[in-house]
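Under the working numbering, the first residue of the sequence shown is numbered 299, with each subsequent residue one higher.
Among the clues, some could well be false.
What the hints assert, rightly or not - List time: in silico BS3-like cross-link candidates among lysine-lysine, alpha-carbon distance up to 25 Å:
| no. | residue 1 | residue 2 |
| --- | --- | --- |
| 1 | K685 | K484 |
| 2 | K678 | K316 |
| 3 | K484 | K678 |
| 4 | K446 | K685 |
Unchecked claim - Taking CB as the label site, the calculated pair distances span:
| no. | residue 1 | residue 2 | range |
| --- | --- | --- | --- |
| 5 | K343 | P608 | 12 to 20 Å |
| 6 | D682 | A465 | 18 to 26 Å |
| 7 | V565 | R612 | 39 to 47 Å |
| 8 | V687 | G441 | 16 to 24 Å |
| 9 | K484 | Y552 | 24 to 32 Å |
| 10 | S357 | L405 | 23 to 31 Å |
| 11 | K342 | I463 | 13 to 21 Å |
| 12 | E548 | E468 | 33 to 41 Å |
| 13 | K495 | Y552 | 41 to 49 Å |
| 14 | Q555 | E603 | 24 to 32 Å |
What the hints contain is simulated information worked out from the structure, not anything from laboratory work. Keep in mind that this is a model prediction, so the values were computed, not measured. Positions of the beta carbon are idealized from the N, C-alpha and C atoms, including for glycine.
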Amino acid sequence: MSPVKIPTRVEYKAIPVKEILKDMKNFSSLMVDLAYYSLVYNDKKLANEVLRIEEYVDSLWNLLVMQASLSVRDAEDAESMVGVMKLASATNKISDAAGDLAIMTLLNMPLHSSVRAAIIGGEEAVSRIKIRNESKIAGLTLGNTFSKLNIALDVIAIRKGYTWIFAPREDYKLELGSVLIVRGPKEAIDKLRMAAKDYVSLEETVEVEEVEEEIAKDLIRLKDIGEFMLDLAYLATLTNNRDLALEVLELEEYVDQIHIDLERKVVRKLRKDNPDEVVSILRTIISLEIIADAAAEIAAIVTSEVAPHPILKRVIEESEERVMIATIPRRLNGKTIEELNLDVHGAVVVALRKDHEWIIDPREDTVLREGNKLIIRCYKESLDQLKKVLIT
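Work the whole structure out from these sequences, hints included.
Right, dumping it as structure tokens:
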């Protein structure tokens, strides 16, 4: 059974609002990746860690309410805090959605193959890599390893024995037997796997039937759109761009329809499958929709009549993950996305803006034209390299 969440008393601590918000954003993003991992590998210990972090995020939410209440002196202050509270509320929703995914593992619910295929089948994957005896990266730091392999990845967590280290620093030293949970482009993951002398586990080789593959593709689309909405919402808040925020709100209506259509398809086409496996798909769909709703809530900060609080920009700028928008210069006209070689920097092209249309998760062979805009998700360590590739 899943652990019951019993509200506990949260004592006030004098923590700056910016620091609380930054932790809520970083931890909620971390939780989603950990929840995906716990589902694919049926890792109950990690699922429990997800719920433990969820409780921590809940406590941060309570602390934020206290801190914001103390900082409000008049009506103008109260108005400026609306955006702060909305961002905190949205990140808390993402945290809850991740917790709901992790609970499926603790309930011993069999995972439908289409859900597993959707989690590990996108352009950006979550994967487990073990450092084995023949590996030459044992003893190196994470930063040195990535420099040596000329890659950049998000190391979500490292397990050493029975201990988890979440969001390890670049100076963390890798050891034999350590297990890394990473997220990023498949090419970069494959390079790291080869250097670690690891093999692809059975969980990452999924065979699905035609109907299951169709549902897996729909799940990937729902997952990709939700992630794109979040990236766009953060970018809109960072730049106070109303047009980008409105794009997010329009996408929310589109996601609502996808959500309903996919639920109908699952019930209609998989009615003879194991009911528990079907429920695992439906719960995943609901969690993905909650993430999309959270993105819309963040975008609404910009579309309101009140200017976003300056704290929001600093929180997004200092987050572990970054989102940037790049306009294709003349010198890159005619190049394909693959030729930009962004994956070595741990960057993922989330979307392409072309002729007033967003193309989400564009193909690697997509030809770029001068003036096209790319929405790119990357890590803060690789932001400068990306600017050199795309801007200078």
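Hints, one by one, checked against the model:
1. K685 - K484: Cα-Cα ~22 Å, so holds.
2. K678 - K316: The hint holds at about 18 Å.
3. K484 - K678: holds (19 Å)
4. K446 - K685: holds (21 Å)
5. K343 - P608: 12 to 20 Å: At 40 Å between Cβs, range violated.
6. D682 - A465: 18 to 26 Å: Holds - the Cβ-Cβ distance for D682 and A465, about 20 Å, lies within 18 to 26 Å.
7. V565 - R612: 39 to 47 Å: Taking Cβ atoms as reference, V565 and R612 lie about 45 Å apart, which means the hint holds.
8. V687 - G441: 16 to 24 Å: Hint holds: Cβ distance 20 Å, inside 16 to 24 Å.
9. K484 - Y552: 24 to 32 Å: For K484 and Y552 the Cβ distance comes to about 27 Å; the hint holds.
10. S357 - L405: 23 to 31 Å: At roughly 24 Å between Cβ atoms, L405 and S357 fall inside 23 to 31 Å, so the hint holds.
11. K342 - I463: 13 to 21 Å: Holds: the Cβ-Cβ distance is about 19 Å, inside 13 to 21 Å.
12. E548 - E468: 33 to 41 Å: Once the Cβ atoms are compared, 39 Å apart, the range 33 to 41 Å for E468 and E548 holds.
13. K495 - Y552: 41 to 49 Å: With Cβ atoms ~44 Å apart, the hint holds.
14. Q555 - E603: 24 to 32 Å: holds (29 Å)
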